[in-house]
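Keeping the supplied structure of chain A fixed, place chain B upon it in accordance with the hints.
Spelled out, the chains give:
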Amino acid sequence: MSNEVWVVADLKIDGSVRKVTFEALSEAGNKVAGKLGGKLCGVLIGSGVSGHAAELGKYGAEKVYVVDNDLLKDFNTEGYTIALSELIKKHEPAVVIGGNTVFGQDYFPRVAARVGAGVTMDAISIDISEQNTLKIERFSHSSKAIPTQVFHQNYPMMTTVRPNSFKAVENPKDPEIVEGGVEINPADIKTKVIELQTKESDRPELTEAERVISGGRGLGSEENFKYIYQLADILGAAAGATRAAVDAGYCPYDMQVGQTGKAVSPNLYIAIAISGSVQHFAGMGSSKVIVAINKDPDAPIFQKCDYGIVGDLFDVLPPFTEKVRSLIAEG
Amino acid sequence: MKILVLVSQTQDTEAKIQVSSSGDSIDTGGMKWIMNPYDEFAVEEAIQTKEKHGGEVVIISVGPDRVLETIRQALAMGADSAVQIKGDSFAETDSFTVGKVIGGEIKKLGDFDIVFTGMKIIDEESGQVGVQVAEELGIPHVSLVSKVIQVDPAGKKAVCQKEIDGGHVTVEVPLPCLITCPDAMNEPRYASLPGIMKAKKKPLTVVNAEDLNLEELGLSAQALGKEGARVKTTQIKVPEIERKLTIIKGSDEPMVKGEEVERSAEELIKLLREEAKVI
Chain A
25 MSNEVWVVAD
35 LKIDGSVRKV
45 TFEALSEAGN
55 KVAGKLGGKL
65 CGVLIGSGVS
75 GHAAELGKYG
85 AEKVYVVDND
95 LLKDFNTEGY
105 TIALSELIKK
115 HEPAVVIGGN
125 TVFGQDYFPR
135 VAARVGAGVT
145 MDAISIDISE
155 QNTLKIERFS
165 HSSKAIPTQV
175 FHQNYPMMTT
185 VRPNSFKAVE
195 NPKDPEIVEG
205 GVEINPADIK
215 TKVIELQTKE
225 SDRPELTEAE
235 RVISGGRGLG
245 SEENFKYIYQ
255 LADILGAAAG
265 ATRAAVDAGY
275 CPYDMQVGQT
285 GKAVSPNLYI
295 AIAISGSVQH
305 FAGMGSSKVI
315 VAINKDPDAP
325 IFQKCDYGIV
335 GDLFDVLPPF
345 TEKVRSLIAE
355 G
Chain B
162 MKILVLVSQT
172 QDTEAKIQVS
182 SSGDSIDTGG
192 MKWIMNPYDE
202 FAVEEAIQTK
212 EKHGGEVVII
222 SVGPDRVLET
232 IRQALAMGAD
242 SAVQIKGDSF
252 AETDSFTVGK
262 VIGGEIKKLG
272 DFDIVFTGMK
282 IIDEESGQVG
292 VQVAEELGIP
302 HVSLVSKVIQ
312 VDPAGKKAVC
322 QKEIDGGHVT
332 VEVPLPCLIT
342 CPDAMNEPRY
352 ASLPGIMKAK
362 KKPLTVVNAE
372 DLNLEELGLS
382 AQALGKEGAR
392 VKTTQIKVPE
402 IERKLTIIKG
412 SDEPMVKGEE
422 VERSAEELIK
432 LLREEAKVI
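Residue numbers (the working numbering), protein chains in the order written: chain A, 25 to 355; chain B, 162 to 440.
Hints may contain errors.
[Claimed, not checked] Quick partial rundown of chain B residues pointing at chain A, CB under 7 Å, derived from the structure:
1) W194
2) I195
3) S304
4) D344
5) I430
[To be verified] Derived lysine-lysine pairs resembling PhoX-like cross-links, with alpha carbons at most 20 Å apart:
6) B:K308 x A:K223
7) A:K328 x A:K312
8) A:K328 x B:K410
9) A:K328 x B:K318
10) A:K319 x B:K418
[To be verified] For the chain A half of the interface with chain B, some residues (derived, Cβ under 10 Å), not all of them:
11) V143
12) R241
13) N291
14) V313
15) E346
Hints in this document: simulated from the structure, not taken from any laboratory.
Note that CB positions come from ideal geometry on N, CA and C, so glycine has one too.
Same shape as in the complex, but just chain A (with noise of 0.2 Å):
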């Protein structure tokens, strides 16, 4: 086994690297390789992905194995299965992380399987134990609590990060380029991607929005939602909602943020026309700054809010959304 620390790059659909691998090189695979005496590398797999090594190199991967092959278009669960593991298998990192995206909570446990490793989902923390070994800190419990987990002397230790939960700092190294050599046969990949269909929005995604502003039912209508995407693109920030507001068909369901839908962990949360329930506060309860405006004064976010104003949202929004406009206009 070597002391190699990995870190998975995870990719957009357009194959750009998304932000969740920069942080989970320069927090997390720094410090564990620092602790370890490791080496910090990068992984790049899927098709045309050699080309992000250097970005990989900015946040601090001294070496960068890459396995590039047509095989890997679209993200297919069978290939990338079959890549990492073998990479695994072959170069025997101690830790391999990963982002807690769609893709990373999709293959990691299957890889994990596929190599006998021990893993971890959606760490907020990350360290080493007394023993030398992995020790992270998770959500658990509709993020009512927060175990520690430490891994046994079993290798690899595998774990995916939550995005938000650890800065990415630049950290320049010049990467060596691996080629991974994994050899992949066609007729391993069963599952077949029949129809790609991407969102075009020019607003971040949610899991990685510096901030986020949430509809609730209150909104009414698909048509009073405008009210939340006009201040989330004054403010950057991506738009989302409640399970409520999905169901009633007033957005779809990759808006929805909560234990059943997406978690995410931004500076600003404005929660608009949001009551706050246990389900809601699972997906966005670890946010910085949670701000609630509401025409309920009894409504229990504003038992668990930083600051909120007690008001119909027809009449706090427009007035509120105006004066954020000109304040950014003026810088």
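Frame of chain A, contents of chain B only:
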């Protein structure tokens, strides 16, 4: 068709969470146990698939005798039979081992077409076991399926829509496969009274953890329980984020009205800018 559903029982996380005196687990005394909400979607999807294509639905659940309540609920919803893998130590056993144990029992059930399970369990929230069962069985999985578009038992394939960050994909997967279910893929039915009566008579197979052949599964004799776990929970804390609770209210009634609206918006912006420094 033979359709399997992996169903877990979970602590109801609506309840107040308290750490046990040992500091490394949640105090479950007095807590309510429920069917994992994501597994309800899995059971519903399985029953709908059976209603369309015929066949049987088999529930598989791991845990001590309290899980029988959850198994009966699934049977009352319309599943046909169940397997309980019975033991007290599964909650502390690592997901790798649980995946292998469940996979091992599934192999004994003979040929099957689809396995449905929830995307994760709401107490542990780790979301690994389903995918790891698929690996043990050597079948493909599709996670976070928002919609099963078509199941074609004759053509041995299924077409599913899956959510991804920034869009969704439609994938075609050969059967047998495993599908993990997020929220909103269907409306889980309630168990009817006749359903509840019938559930009592449906076949239940109990496999005792002590009788499992761990060696055959490639597992060590210590694999079950905390000692053999690849990852152990050593401590649990309850997050305490201090919130400022600065709430702007109206002067006459709680809601801001009239001129107060403009002022409240200005005040909030000032707080966000000068105190919180977030805009």
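For each hint, the structure was consulted:
no., hint, verdict
1, W194, "violated, 13 Å"
2, I195, "violated, 13 Å"
3, S304, "holds, 5 Å"
4, D344, "holds, 3 Å"
5, I430, "holds, 5 Å"
6, B:K308 x A:K223, "holds, 18 Å"
7, A:K328 x A:K312, "holds, 12 Å"
8, A:K328 x B:K410, "holds, 16 Å"
9, A:K328 x B:K318, "violated, 47 Å"
10, A:K319 x B:K418, "holds, 11 Å"
11, V143, "holds, 6 Å"
12, R241, "violated, 15 Å"
13, N291, "holds, 5 Å"
14, V313, "holds, 5 Å"
15, E346, "holds, 8 Å"
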